[in-house]
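Asks: Letter by letter, the chains look like this.
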Amino acid sequence: MDNRKGTSISTRTSQAPAPRGGEDLAPSESSAALLRELVAHLRQNRTQLREEWARRITRAELLTAMTEEEIFAEATAVYDNYVEALETGTFEALQAYSRRLSERIIPRGVETDEVVGIVLLLRDVLARSLFNKYQDNVEKLNRILDSYEPAANRIANTVAVGFVEERERIIRQQQEAIRELSTPVLQVRERLLILPIIGVIDPQRARQLTEQLLRAIRANRAKVVVIDVTGVAAMDSGVANHLVQTVEASRLLGATVIVTGLSPEIAQTLVTIGVDLSEMATVGDLQGGIEEAERLLADRAAPTTQVREIAPEASR
Amino acid sequence: MGEELRLPIAADVDVVEARQQGRALAAVAGFSSGEQTVIAAAISEIARNILMYAKKGEVILSLVQNGDRQGVSVVAIDQGPGISDVERAMQYGYSTSHGVGAGLPGAKRLMDEFEVDSVVGRGTTIRMTKWRRSV
Amino acid sequence: MEVPILRQGQYLIASIQSALTDADLSHLREALIAQVGRSRCRGVIVDVTALDVMDSFAVRTLRDIAHMARLRGAETVIVGIQPDVAFAMVQLGLTLKGVATVLDLEEGLAFLDGRTKDRGGSDTRPRRPPSGPTRG
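Chains as they are written, first to last, in numbering that gives the first Met the number 0: chain A, 0 to 315; chain B, 0 to 134; chain C, 0 to 135.
Hints in this document: simulated from the structure, not taken from any laboratory. Glycine included, every Cβ here is placed at the ideal spot set by N, Cα and C.
So these bits of chain B aren't anywhere near chain C, every CB distance computed over 12 Å:
id: 1; residue: LEU4
id: 2; residue: GLN64
id: 3; residue: ASP67
id: 4; residue: GLY120
id: 5; residue: THR124
id: 6; residue: ARG131
Ranges of calculated distance between the beta carbons of each label pair, as one might list FRET restraints:
id: 7; chain 1: A; residue 1: ASP235; chain 2: B; residue 2: GLN78; range: 41 to 47 Å
id: 8; chain 1: C; residue 1: GLN16; chain 2: A; residue 2: GLN172; range: 35 to 41 Å
id: 9; chain 1: A; residue 1: ASP284; chain 2: C; residue 2: ARG37; range: 48 to 54 Å
Just chain A, same shape as in the assembly:
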């Protein structure tokens, strides 16, 4: 916390309101009064400051993904939020606005440096306007800047962070979607599913795989699932544990799981976490696993001969 009197957030008891313009200033004039004067100035000159800012944005070739009308509309909202944040010293509204703004403009292709750029431009436009107004009273100018700068920096920070966080959220969303796409559960025969796992599995992906598999077992009424881990280089004990859980959960849905493609390393990991490999059905390779699965399925009586009358209340 800046303990110079320039901290814009503090509210000190004010003394007589400061006179306007470049007059001499009582040395003990409070920063709260200065801040009010500053905010009043920004509001009074809203139209032209906003326009100048929008012009500079275009000149700096920022927000090229947006039209001039759009830039102006957003500029208006940002300006008003900016001034309000200065006035109230609170930043929640600004943060919320920043998120919504980001949500709007990120799909348009706006980049982080553009957003940071325009906020800094606004800060500069307003600072210059203050220079112009108080250039005849350096001391007052200094005091006004003491009020303005910390708040302006915090605003820039808030907006930038809001944008970045929103971007990260979107990226995570996209990653999730990609993960879903990249792990299809394949139905190759009736009642038989194959889940080939390829690449690196992190805990989140592992969880997703299990959920997808269990849903697929139910949807396809699968009796046998072959999980092929040939394409998995290594597995830590957390993920190995997860594999075991997947096998057990599949059993609860009535499906037998055959794990294929276990490398000696992964087998070792499973043993280390206490898995009894003799309890887990494993086959060396995927082909062998499918053959075993078909054997298991053939052993069952064909379900169609079991059609029977089921009492209405008991049917689902």
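Following the hints, position chains B and C against chain A.
Replies: Here is chains B and C on its own, set in the frame of chain A:
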């Protein structure tokens, strides 16, 4: 946030109510249906624990926020006999199903944060939280 | 909340309709045991499709049912565990080992048909499909 739901636990219907409210709150927080089930199961375990060993108590549900992440917080309070050896209780598996606090290790496995404060003769407070994998 | 128990040939089918308290589960257990004892029942199906949570008490109760039924010569099979519920169960460490579980009622009936025809097998891993002559 600050939305808090206090649920008395005095009968086994209350256990059902607590886990259903927990599920509903998890849905509001945006948890997937699988995670809602997990939260409901954890609440069921500790609410039942209250009933079995303290006869009555309270479960407090609330939404919590940590920066960008949302979560569900569950606090279970009772003035029951307390757990004399929390460490040992946390090691019990389900095979020792009648030990005091048998539901605790399971609930701990399901949640992201888990804390037990217990004083023999005074009671037990369990705090657990699950965070939404933020997306 | 009482769980309806239907008789279907030599099988009993208990269909859980909604959320059950611990007391309801205990009553169900007692009711099933009593009925199995009374009649020449060869199999018990407990349909948990409507349960959206299965915790340690539910699992214990189902295991008790299966155990008691077996002592009276009946096989038990649990049907309809939901995917989310199954996942939560294994994370809790509840596996229902030693109790048959299948996808739905149709599978449950097929399973019991297989088991009751193959009497004499001391197979304790009921989930492995039965080998032997196909049924006609």
